[in-house]
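K.L.:
The sequence shown maps to residues -32 to -1, 1 to 289 in mature numbering (1 follows the signal peptide of the UniProt record, and there is no 0).
I should point out that these hints are in silico values taken from the structure, not numbers from a laboratory. Please read all numbers here as calculations on a predicted model, not as lab measurements. Just to be clear, a hint being listed does not mean it is correct.
[What the hints assert, rightly or not] DSSO-like mimics (lysine-lysine), calculated; alpha carbons at most 30 Å apart, straight line:
| # | residue 1 | residue 2 |
| --- | --- | --- |
| 1 | K147 | K282 |
| 2 | K282 | K115 |
| 3 | K197 | K42 |
| 4 | K270 | K215 |
| 5 | K115 | K131 |
| 6 | K51 | K256 |
| 7 | K51 | K147 |
| 8 | K223 | K282 |
[Stated by the list, open to error] Simulated restraints, written as ranges between beta carbons of each label pair:
| # | residue 1 | residue 2 | range |
| --- | --- | --- | --- |
| 9 | T135 | T106 | 22 to 28 Å |
| 10 | V82 | N54 | 25 to 31 Å |
| 11 | K101 | Q24 | 31 to 37 Å |
| 12 | G104 | N254 | 30 to 36 Å |
| 13 | E67 | S281 | 44 to 50 Å |
| 14 | V204 | R140 | 27 to 33 Å |
| 15 | K101 | K282 | 36 to 42 Å |
We put the beta carbon where it would ideally sit given N, CA and C, even for glycine.
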Amino acid sequence: MRSRFQQYLQGVCQCCVGLVLCLVVWSSAAHADELVDRIVAVVNGEIITLFEVNQQIQGYLRQFEGRTMTGEEKKALDVLRKKVLNQMVNDLLLEAEAERLQMTVSDVEIKNQVEAFKRQHGMNEEVFLNQLKLQGMTRKDYENTVKKDIMRQRLIGAMVRRKVVVTEDEMRAYYEEHKRDFSRDKKVELSLIIVDPGFDIQDLRQRLINGEISFAQAAERYSIGPGAKQGGEIGVVRWADVRESWKEVLQGLGKGDTSKPFDLNGNQALLHIVDLVPGEVEPFENVKAKIRETLYRPRIEKRYREYMENLRSKAVVDIRM
């Protein structure tokens, strides 16, 4: 009798715990108007849940706590989730391929990576473990994450990076063609548009190129960035002071040109060159490394896309989001 009563209590407790968990999940997801836990992808039999995707974008989701999302915010969140899910699928494919090729990672490599992370962030072991606990992770969980990351990077290095080459002749030809980009004390006057991830920025850029709307008008109408009401004006800055990520999208552009869309703190952005003030040209040897990186990056991205497409073609991938 006592045993049956204990079983009954245990069953009631389990039901209560389950109900509480359901309520927590429903409450947390209310801002996104959907339940958190459902399967959003299956990769060679391994599942990815919406809960796991949301874990990757916790910081972004926090801004919607306590309020209902707008239609535009829901669209932006959907776009972001799909980007994150795509990367998670790629990670699983890379991990499976690394295991198939019997790539290994030693305990020493993992330990060195963990210690480097702690040094970089000024953490001792106690602080490190506390931070992991806040993320719901153990040291073993983190070490396993590090191991997978090393394996993925090793695979990409072997199958992607080593197969991309930039020659000296190519770098010199680029230098001659883009000398104005390597001027000392060069100054540039810029304007900026920032929009949500779900905004159709490609369409906006095409309208700008076609002359259907000016950059200043577009900034006033659509930008959520600084100086939107002033046409997105940033002002005149020294080229040396421009962010590296901005330089990449501005390379080769002239006065009146608009950059391709690029990511800016989770949003999408466009830069517009209002004016250019050239300076003294840097010698080739001084900018050789930058040129190599400029030529190398799009090639490796192309090679990476091709490699991932090949892996996907051989895998069973079911996307449900």
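K.L.:
For every hint, state whether the structure bears it out.
P.N.:
For each hint, the structure was consulted:
1. K147 x K282: 44 Å, violated
2. K282 x K115: 24 Å, holds
3. K197 x K42: 25 Å, holds
4. K270 x K215: This hinted pair holds, its Cα atoms lying about 20 Å apart.
5. K115 x K131: The hint holds at about 24 Å.
6. K51 x K256: Roughly 33 Å between the alpha carbons, so the hint for K51 and K256 is violated.
7. K51 x K147: 36 Å, violated
8. K223 x K282: Given that 30 Å is the threshold and the Cα spacing comes to 46 Å, the pair is violated.
9. T135 x T106: 22 to 28 Å: 48 Å, violated
10. V82 x N54: 25 to 31 Å: At roughly 28 Å between Cβ atoms, N54 and V82 fall inside 25 to 31 Å, so the hint holds.
11. K101 x Q24: 31 to 37 Å: 19 Å, violated
12. G104 x N254: 30 to 36 Å: 48 Å, violated
13. E67 x S281: 44 to 50 Å: Since E67 and S281 have Cβ atoms about 19 Å apart, the given range 44 to 50 Å is violated.
14. V204 x R140: 27 to 33 Å: 31 Å, holds
15. K101 x K282: 36 to 42 Å: 39 Å, holds
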